[in-house]
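Asker: As you go down the protein sequences, you meet chains A and B in turn. The numbering used here numbers the first residue of the first sequence as 1 and each following residue consecutively. The numbering used here numbers the first residue of the second sequence as 1 and each following residue consecutively.
Some hints here could point you the wrong way.
Cβ-Cβ distance ranges computed for the label pairs, FRET-style [to be verified]:
no. : chain 1 : residue 1 : chain 2 : residue 2 : range
1   : A       : P13       : B       : E226      : 28 to 34 Å
2   : A       : E209      : B       : P210      : 56 to 62 Å
3   : B       : A208      : A       : E41       : 37 to 43 Å
4   : B       : S67       : A       : R24       : 44 to 50 Å
5   : B       : R535      : A       : P13       : 34 to 40 Å
6   : B       : H71       : A       : P55       : 27 to 33 Å
7   : A       : R178      : B       : N136      : 53 to 59 Å
8   : A       : H40       : B       : S582      : 38 to 44 Å
9   : A       : P55       : B       : D197      : 25 to 31 Å
10  : A       : R24       : B       : D137      : 53 to 59 Å
Derived by calculation from the structure, the hints in this document are not laboratory data. These figures come from a predicted structure and were not determined experimentally. Glycine is no exception: its CB is placed at the ideal position from the N, C-alpha and C atoms.
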Amino acid sequence: MSQGSEGPAPVGPGPDQREMPAGRRSSQGIRVDPQVEATHESRRTVLSALVYHEPGVLAEVSGLVSRRQFNIESLTVGSTTNPETARITLVIEEPEPGVRQVERQLEKLQPVISVRELGDDAVRRELVVLKVHGDNPDEVNAITRMYDGTTLDAGPRTITVQITGDEQKIDDAIDAFRQFDIRELARTGQTALSRGDEWTTDAEEERYEQMRQEQAATDDDD
Amino acid sequence: MSEPASPTYPDEDEATEEAASSDRSTESQPTTGAEATVAALEAAGVEHVFGVQGGAIMPVYDALYDSDVTHVTMAHEQGAAHAADAYGQVTGEPGVCMATSGPGATNLVTGIADANMDSDPLVALTGQVPTDFVGNDAFQETDTIGITRPITKTNYFASDSDTVGDTVSEAFSLARTGRQGPTLVDLPKDVSNGETDAGVAEPDEEEAPPAAEPAAVEVAAEAVAEAERPLILSGGGVTKGEASEEVRAFATEYGIPVATTMPGIGTFPEDHELCLSWAGMHGTGYANMAISHTDCLIAVGTRFDDRLTGGVETFAPGAKVVHVDIDPAEISKNVHADYPLIGDAATVLEQLDEAMPAAPDAEAWRGRCQDWKREYPLTYDTPDDEPLKPQFVVEALDEMTDDDAIVTTGVGQHQMWAAQFWTYTEPRTYVSSHGLGTMGYGLPAAIGAKVAAPDREVVCFDGDGSFLMTMQGLSVAVRDSLDITVVVLNNRAIGMVRQWQDAFFEGRRMASEYPWIPDFETLAEAFGARGFTLREYDDVANVLEEAMEYDGPSVVDAHIDPAENVYPMVPSGGDNARFALSEDQL
Ligand SMILES: Cc1ncc(C[n+]2csc(CCOP(=O)(O)OP(=O)(O)O)c2C)c(N)n1
Numbered sequence: 001m002s003q004g005s006e007g008p009a010p011v012g013p014g015p016d017q018r019e020m021p022a023g024r025r026s027s028q029g030i031r032v033d034p035q036v037e038a039t040h041e042s043r044r045t046v047l048s049a050l051v052y053h054e055p056g057v058l059a060e061v062s063g064l065v066s067r068r069q070f071n072i073e074s075l076t077v078g079s080t081t082n083p084e085t086a087r088i089t090l091v092i093e094e095p096e097p098g099v100r101q102v103e104r105q106l107e108k109l110q111p112v113i114s115v116r117e118l119g120d121d122a123v124r125r126e127l128v129v130l131k132v133h134g135d136n137p138d139e140v141n142a143i144t145r146m147y148d149g150t151t152l153d154a155g156p157r158t159i160t161v162q163i164t165g166d167e168q169k170i171d172d173a174i175d176a177f178r179q180f181d182i183r184e185l186a187r188t189g190q191t192a193l194s195r196g197d198e199w200t201t202d203a204e205e206e207r208y209e210q211m212r213q214e215q216a217a218t219d220d221d222d
Numbered sequence: 001m002s003e004p005a006s007p008t009y010p011d012e013d014e015a016t017e018e019a020a021s022s023d024r025s026t027e028s029q030p031t032t033g034a035e036a037t038v039a040a041l042e043a044a045g046v047e048h049v050f051g052v053q054g055g056a057i058m059p060v061y062d063a064l065y066d067s068d069v070t071h072v073t074m075a076h077e078q079g080a081a082h083a084a085d086a087y088g089q090v091t092g093e094p095g096v097c098m099a100t101s102g103p104g105a106t107n108l109v110t111g112i113a114d115a116n117m118d119s120d121p122l123v124a125l126t127g128q129v130p131t132d133f134v135g136n137d138a139f140q141e142t143d144t145i146g147i148t149r150p151i152t153k154t155n156y157f158a159s160d161s162d163t164v165g166d167t168v169s170e171a172f173s174l175a176r177t178g179r180q181g182p183t184l185v186d187l188p189k190d191v192s193n194g195e196t197d198a199g200v201a202e203p204d205e206e207e208a209p210p211a212a213e214p215a216a217v218e219v220a221a222e223a224v225a226e227a228e229r230p231l232i233l234s235g236g237g238v239t240k241g242e243a244s245e246e247v248r249a250f251a252t253e254y255g256i257p258v259a260t261t262m263p264g265i266g267t268f269p270e271d272h273e274l275c276l277s278w279a280g281m282h283g284t285g286y287a288n289m290a291i292s293h294t295d296c297l298i299a300v301g302t303r304f305d306d307r308l309t310g311g312v313e314t315f316a317p318g319a320k321v322v323h324v325d326i327d328p329a330e331i332s333k334n335v336h337a338d339y340p341l342i343g344d345a346a347t348v349l350e351q352l353d354e355a356m357p358a359a360p361d362a363e364a365w366r367g368r369c370q371d372w373k374r375e376y377p378l379t380y381d382t383p384d385d386e387p388l389k390p391q392f393v394v395e396a397l398d399e400m401t402d403d404d405a406i407v408t409t410g411v412g413q414h415q416m417w418a419a420q421f422w423t424y425t426e427p428r429t430y431v432s433s434h435g436l437g438t439m440g441y442g443l444p445a446a447i448g449a450k451v452a453a454p455d456r457e458v459v460c461f462d463g464d465g466s467f468l469m470t471m472q473g474l475s476v477a478v479r480d481s482l483d484i485t486v487v488v489l490n491n492r493a494i495g496m497v498r499q500w501q502d503a504f505f506e507g508r509r510m511a512s513e514y515p516w517i518p519d520f521e522t523l524a525e526a527f528g529a530r531g532f533t534l535r536e537y538d539d540v541a542n543v544l545e546e547a548m549e550y551d552g553p554s555v556v557d558a559h560i561d562p563a564e565n566v567y568p569m570v571p572s573g574g575d576n577a578r579f580a581l582s583e584d585q586l
């Protein structure tokens, strides 16, 4: 006396007999089209996020990155021209859909004002502080100079130097210093701005103009 | 009791003096952070809040004492959050729940996470130890902000009595706009108690709902018009965006079949010829066939959850995807969108309608969909020598209730039967825990739904396991004479787990059978509700009728066939087109 009580319930073919659709998607959910590349390789790229400088913002960003398993190389945070805002620079390694996901998920966070992926020509810098054994001060000094570095501290047992540059240069410098037996090192991770006239993130120009106007207004008052 | 922070109400004489010397009327003007909090709720049009008292939130409760907002005292904070969530699902406006610091706040967590997964509008207010104590591991201190950060749209630590009202207003408006979701305001006791004369801002003007890029709409419309096998997938965002009318209009005007997701149930009437009901793991065979064969999927307000897609490799493999969503982060998150249309569902559907150059030529396709409907109907057998079948109970109750009756559920097999065998024709009638799959959602949700819609019938289909998790809520329903009917589809097991063990763990039923289940009829009566036990087909109509007629909460303990399983089924990560109709097809 089921719903199909008038005789046996009509039942279509089982899983193996069914007519199956053609086609397939990649694990990234992209339709595999013979004409089009359906799988994206990972690439390393820099995202800059302008955020409100408020408690919890770093926790929000780092929490997002970890819970969504975004592949991240470094994350730096620091102040900007405007005391209300801070800039977070993320270096990520993700395939194309992943890059867009990081960008869009970041944009959803309440304290995030705007996010932008920087082009390959962006100016990027990183700083490393290295502490090596102090047995060969002259040689250490020579290598430090080759990398336009600065000696921060020199004692009988250790020498501490600083090198700044892009990621490749820092990697190379660390390699070069290995001969002195690096005792400790600290890298800051990359920070970056877009090159030339271009603003790094969308909201920045507006905020800058606003600040200038406020500045001008106070100047007039004086 | 060792509540640490003894209430530090502002000195009473001082408060009165100040009120007397002030020009403003004390009625409309808050004098403390707590009153500002309540004033903000009132300004937002809140009529009900669900919660449980406790030390750190006492000032806010005290402010409720003189307010028109009705407080529903719950038996457990998890229930408060679920009730508020269901209230939000039924009304479309944020439900409000409140709890004290520490255990009160952590008990809310499940309900907040649930709302977050389903984008349900919810505002949670939690008490917190006084600001000076924060970070000292004070009595009943938890880092509520830290705990709820990943499960809220955003949360706020109220730091100032003068701004707390605005913070609550902002939390409320954020919960209800854009992609809806839960927000939380953590209220340290000194901030609630602190004096303020800051008025509460008027709620912001409603912004026009966001529309999609016209150029993107144009190309998407062309793709739809050119499709031979178009299919609409109507998701929970259609409910949230009140776009049900637009989906109906679009589908019928262009003759496009409609499948829904589970949260989209009711957005398109299930008795309509074009309706294929809901797709996914336990969805209808015909919806899953249509999804697998469509060449143009118009997905509206869905996040392509894995319970819907199965393995993405085989999901709608030949379809160009038009994805309408208000949240840009959903675009191409799980399934690549060939035509992303970011905006409000109703607005974008109207745009799409206007841009359609012609109707797609889909007559043959509609025919195929009808064939699948005939080939794979949802059925069940009722042999004489087997116990009562749950599907029969669901259908029987559907027949005796109004179209706008609200169904809430726990999580498990019963939830699937309630979704499969009840015919939903209106949005906001199937109120469930989808994304989080929270056992225990059903009863508190029924309470929230009944408070939200006192004139509508409210039915909760529960499992015995789910019911045991939150049935203390019966005390609330009895106290407030809430006319709800709980039907426990009792299989003496956490059946969904048992079904998976039988199918995928060689029948090793570890911790899934509940032979020690209490007698729910007696239990219901002990709470002061009406209790019924149901075992025979012949009694189904009578018992359900009596339970529905009883003017107050009733519990029907329906002893169903423990061997009954949920089909169709697409195994986890499987191919939707290969849904199984029985265990031997898995
Ligand atoms: C809070 C919670 N704990 C555990 C689970 C895992 N789980 C999913 S379904 C299910 C069985 C539910 O049993 P019951 O409520 O009796 O419903 P039935 O499947 O028997 O209809 C369980 C344990 C869950 N979804 N939620």
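Asker: Confirm or reject each hint.
Answerer: Evaluated hints:
With their beta carbons about 30 Å apart, P13 of chain A and E226 of chain B fall inside the hinted range of 28 to 34 Å. In this structure, E209 of chain A and P210 of chain B break the distance hint of 56 to 62 Å, their C-beta atoms being roughly 26 Å apart. With their beta carbons about 41 Å apart, A208 of chain B and E41 of chain A fall inside the hinted range of 37 to 43 Å. A hinted range of 44 to 50 Å is violated for the C-beta pair S67 of chain B and R24 of chain A, which are about 58 Å apart.
Here the CB-CB span from R535 of chain B to P13 of chain A is close to 37 Å, well matched to the stated 34 to 40 Å. Remark: the range hint 27 to 33 Å for H71 of chain B to P55 of chain A is upheld by a beta-carbon distance near 31 Å. Judged by the Cβ atoms, the range 53 to 59 Å given for R178 of chain A and N136 of chain B is violated: they are separated by roughly 46 Å. In this structure the hint that H40 of chain A and S582 of chain B lie 38 to 44 Å apart at CB holds, the actual value being about 40 Å.
Between P55 of chain A and D197 of chain B the beta carbon distance is about 26 Å. The supplied range of 25 to 31 Å therefore holds. Against the hinted window of 53 to 59 Å, the Cβ-Cβ separation of R24 of chain A and D137 of chain B comes to about 54 Å, which satisfies the hint.
Checked against the numbered hints listed earlier, the structure breaks hints 2, 4 and 7; every other hint is satisfied.
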